[in-house]
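*Asks:* These protein sequences, in sequence, are chains A and B.
First residue of the first sequence: 1, per the numbering used here; consecutive thereafter.
First residue of the second sequence: 1001, per the numbering used here; consecutive thereafter.
Don't take every hint at face value.
No farther apart than 30 Å at their CA atoms in a straight line, the calculated lysine-lysine pairs in the DSSO-like style are these [to be verified]:
{"#": "1", "chain 1": "A", "residue 1": "311", "chain 2": "A", "residue 2": "199"}
{"#": "2", "chain 1": "A", "residue 1": "208", "chain 2": "A", "residue 2": "355"}
{"#": "3", "chain 1": "B", "residue 1": "1149", "chain 2": "A", "residue 2": "7"}
{"#": "4", "chain 1": "B", "residue 1": "1149", "chain 2": "A", "residue 2": "13"}
{"#": "5", "chain 1": "A", "residue 1": "416", "chain 2": "A", "residue 2": "436"}
{"#": "6", "chain 1": "A", "residue 1": "440", "chain 2": "A", "residue 2": "311"}
Stretches of chain B that chain A covers, calculated by requiring three or more beta carbons in the stretch to come under 8 Å of a beta carbon on chain A [what the hints assert, rightly or not]:
{"#": "7", "segment": "1039-1045"}
{"#": "8", "segment": "1050-1062"}
{"#": "9", "segment": "1075-1084"}
{"#": "10", "segment": "1238-1245"}
{"#": "11", "segment": "1308-1319"}
{"#": "12", "segment": "1359-1367"}
So the derived label-pair ranges between C-beta atoms look like this [what the hints assert, rightly or not]:
{"#": "13", "chain 1": "B", "residue 1": "1210", "chain 2": "A", "residue 2": "61", "range": "42 to 48 Å"}
{"#": "14", "chain 1": "B", "residue 1": "1296", "chain 2": "A", "residue 2": "232", "range": "37 to 43 Å"}
{"#": "15", "chain 1": "B", "residue 1": "1296", "chain 2": "A", "residue 2": "36", "range": "16 to 22 Å"}
{"#": "16", "chain 1": "A", "residue 1": "189", "chain 2": "B", "residue 2": "1210", "range": "44 to 50 Å"}
The set of hints was computed from the structure by calculation and includes no laboratory data.
In this text, all values refer to a predicted model and were calculated from it rather than measured experimentally.
C-beta atoms are modelled at their ideal positions from N, C-alpha and C, and glycine is treated no differently.
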Amino acid sequence: MVGLAIKDPNREKQLFASRALALFVIILGLAALLTLRFVQLQIWEHEAYQTRSDQNRIQIQPLPPPRGLIFDRNGELLADNRDTSSLSLVTERIDNLAATLERLSRLVGVTPADISEFENRLRRKRRPFEPVVLRQALNEDEIALLAVNRYQFSGVEVTTELIRNYPYGELFAHAVGSVRRITETDLSKLDPVTYSATKFVGKRGVEKFYERSLHGEVGYQQVETDAHGRIRQVLDISPPVAGQNISLQLDSRLQIAATAALGDRRGAVVAMDPRSGGLLALVSHPGYDPNLFITGMSSEQYGEMSHSLYKPLFNRAINGQYAPGSTFKPVVGLAAVVERVVSWEDTIEDNGFFKLPNQDRIYRDWTWTVNNSGGQGTVDLHRAIYRSSNVFFYDMATRMPVERLVSFARQFGFGKNLSFDIADASVGLMPDPIWKRGYKGEVWYPGDSVNMGIGQGDVLVTPLQMAVVASTLANRGTLVRPRLLLSSDAPLPEIDPPAPLPRVEGPSPQDWENMVDAMEDVVHRGNKGFRGNGTAWFYIGQDISYRMAGKSGTAQVIEIPQGEEYDADLIEDFNKKHAWFIAFAPADDPIIALAVLVENGGGGSEFASPIARQVIDAYLLPQLAAR
Amino acid sequence: MSNDFIRSLPGHERDLRASWFYRINVDPILFFLLSAVVIYGLIVLYSAVGQSDTLFQAQLVRLGLAFAVMIVAAQLPPQVYIRWSPVVYLLGLVLLVLVLLVGVTVKGSQRWLDIPGLVRFQPSELMKIAVPMAVAWYFHSRPLPPSFKDVCVALAIVAIPAGLIIMQPDLGTGILVAGAGLAVVLLAGLPWRWILYAFLAFAAAAPGLWYTLQDYQRQRILTLFDPESDPLGAGWNIIQSTTAIGSGGLFGKGLLQGTQSHLEFLPEARTDFIIAVVGEELGLVGVLGLLVLYLLLIGRGLYMAAEAESTFGRLLSGALILTFFVYVFVNIAMVSGLLPVVGVPLPLVSYGGTSAITLMASFGILMAVRMHKAW
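Next comes chain A alone, as it looks inside the complex (with noise of 0.2 Å):
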């Protein structure tokens, strides 16, 4: 071999010995290099990695506080609070994903509208093993199911919450109202730190009225969790403070009375106790299930109700806005009474028609299609309320400034809430030559003022606000707020008193009395043949053992063009007259007021009174028999 010749072993170990050596001193420099490294981790930055490893390792949860319950005046229960338990999949302990949901879906019920709800949430950002919902309001035997089949599945977890729960379920959906889910949107309205646990606010009625103090004070604990966010100890815990439990004025067996007085009708029923303006009843119908909400509904299911013709979800008793009819005549009445248009004693002509002056419409009474006999005859105040007669009051309409009738009108609570904890109810319309020029740019013809005296034209109340009328003629005058709180264990915040309501001025003693004889007669006076019974006696007045005071009222609805869209007899169904019913009782001592409307129910007398008296029944009856 050629290279052996000028091979130097003893140069080539001399010359290794000097690399070896070179190298030595750079592993040295390498190795200085890595202490220098952990030098910076452990002893410059240590403060700063300490901290962020116990960030790791110890996180402060929020603990949501129990929602305050709500009970009614008896102590119902109208809302508490249950367990729901959740199954959740952390898809990193999973090796086979389709393997799993097969078979969890063989062991509890697990719909594909489930699965992709799941691989939407699965989708969007979030920790490493978070575990991810997959289906919700597991019941026990599913619970049981999933606890003994746990060694099978690894990464499958069940959670505990507590949601809210709605035992009467649709009897108080619109008195009561119901929390959902927080979005996004109400995230940016809601203090971040006192709804850090929560998952549910209050949207509706009472649930959103006294959110605050339902809500309660959320609490912490602080928990060292592994990597997974499963909890390994809890080293400290400040529990959450529960929300006020808080009573309401509702009676559950007056609501219940007169949900089942509606019966299958779409219409309202406020009633209401006139000394305190307690809600006795507040009855929307159709309702729906505030729980479905809460546990959750198909979207099918939502649409369905929310596009429904029957507008389940509209709560008519404080949202529906209708023409009072002649539930409108006592303020009429009343009215002329104080500006001295009429006295209790002076009496009209009442042919049948009105006509004013120099005009050739003609303006009918309401007995034009029961009985065209040529009016209702001599009537004066006390028979026109008891006889609604239209001439009489289209006459005193006219016999005054609208501005007088409006501004007298408004202080029985026309276009306001009055409301002590209502703060979602609708004000209506109380029309006036101003708001005309400015909403309609037309001029106040006297035909508006016509038609205001039987309630029609543009004036708009809600079934709310006819209960505040009732209990104002119940009191002779004196205003009381309507109010659904009765009592809560501690002051709530939300409760700023609003100023007390001025009493109705101008009427005088003697003439609330006459106005309640009249109202009386409405319901009591009978056997007299057709022009002399009140409008209400036939269907309620013949048996009743105590004095009620009512008024009906027939209001014209704003008639649904014809299409193809809704079939014919729906349409006329639709367009069928609003049926509306005031009233009180006892009525010298009243304590409880109320207004009853039918939609498309017909006349006042017949569709609208007997509700009323069932209701008045159900409230009355008990408490004159305990006496």
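Mind docking chain B on chain A? Use the hints.
*Replies:* Leaving out everything else, chain B in the frame of chain A:
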């Protein structure tokens, strides 16, 4: 001369025990240092496996096997290694080609050969020893420092298997195999000037190389510079390991007390990232202690290599011990966030058998070279 070092130690007596070591061709100093590293590693591992007896015992068995492999390797005379070097190398090349043709694909890389009836194994692991052996064999009969032609041949010996491994693709192992081969070239007396040129050439080519990398490899490099850019994905490992190390401080949180590892924030705590457990539980003191043990081991290894009588023995021993340091450095630098994450276990400490057996085999070769005096 071989005993000068031992004789120079203070108070040294050539006792029975030492002579027993010599009789089975085991260098006592290297043996004690290896044992110290392994025992230290086992203590940390006991914590890292969550005090699991089954895992701990499995590792004990593997380490026992690795020591046995070392002792067997120490018994073979260097002539055997030199004779078999080209054969083993060529066999390794054939296996690497087979891997590319019929290998088993795991996580997107073809690294494994599946021999029916036998376990799967990675031919690239064999090349970690076979490549430096082949280069040392090539230089053994040629004059040193090497001529330009010899360096080119040596580079080809290194480049072919390294290229085949990178094609799997397994860039990390490919670079380590290439490093082991290049260490031989370096030790053979490659002029420093050429090394400097190579460095400059690499630096110039770096931007171009970037485009040849796989997406995941680029991601790892980018993550190194800014782990917070993807804290839940690629950055998670490095954030958690630096947090573990940094939170350990000077003396650590105490053995078995590491929260990062025991609460499973630290991934791969018992394998590639075990130095973070050392840093967290035993602190800077613990890390430096282990580093010192490694340096003593490497110092002893280099000394043994320098003392070897044959060119082959020197080059192979020196290259193997340098490779050992590369593993130590790459692993610790990667876990502490100085290098991109590559799959290199911490030598003799990380849980697992393959790497420990390969390493102990190379220490066996070191002992064989030293103890067979003629070589």
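*Asks:* Now look at each hint and say whether the structure bears it out.
*Replies:* Now the hints, each set against the structure:
no.: 1; hint: 311(A) / 199(A); result: holds, 27 Å
no.: 2; hint: 208(A) / 355(A); result: violated, 50 Å
no.: 3; hint: 1149(B) / 7(A); result: holds, 16 Å
no.: 4; hint: 1149(B) / 13(A); result: holds, 22 Å
no.: 5; hint: 416(A) / 436(A); result: holds, 18 Å
no.: 6; hint: 440(A) / 311(A); result: holds, 28 Å
no.: 7; hint: 1039-1045; result: violated (count 0)
no.: 8; hint: 1050-1062; result: violated (count 0)
no.: 9; hint: 1075-1084; result: violated (count 0)
no.: 10; hint: 1238-1245; result: holds (count 5)
no.: 11; hint: 1308-1319; result: holds (count 4)
no.: 12; hint: 1359-1367; result: violated (count 0)
no.: 13; hint: 1210(B) / 61(A): 42 to 48 Å; result: holds, 44 Å
no.: 14; hint: 1296(B) / 232(A): 37 to 43 Å; result: holds, 39 Å
no.: 15; hint: 1296(B) / 36(A): 16 to 22 Å; result: holds, 20 Å
no.: 16; hint: 189(A) / 1210(B): 44 to 50 Å; result: holds, 49 Å
Of the numbered hints given earlier, the model fails hints 2, 7, 8, 9, 12; all others are met.
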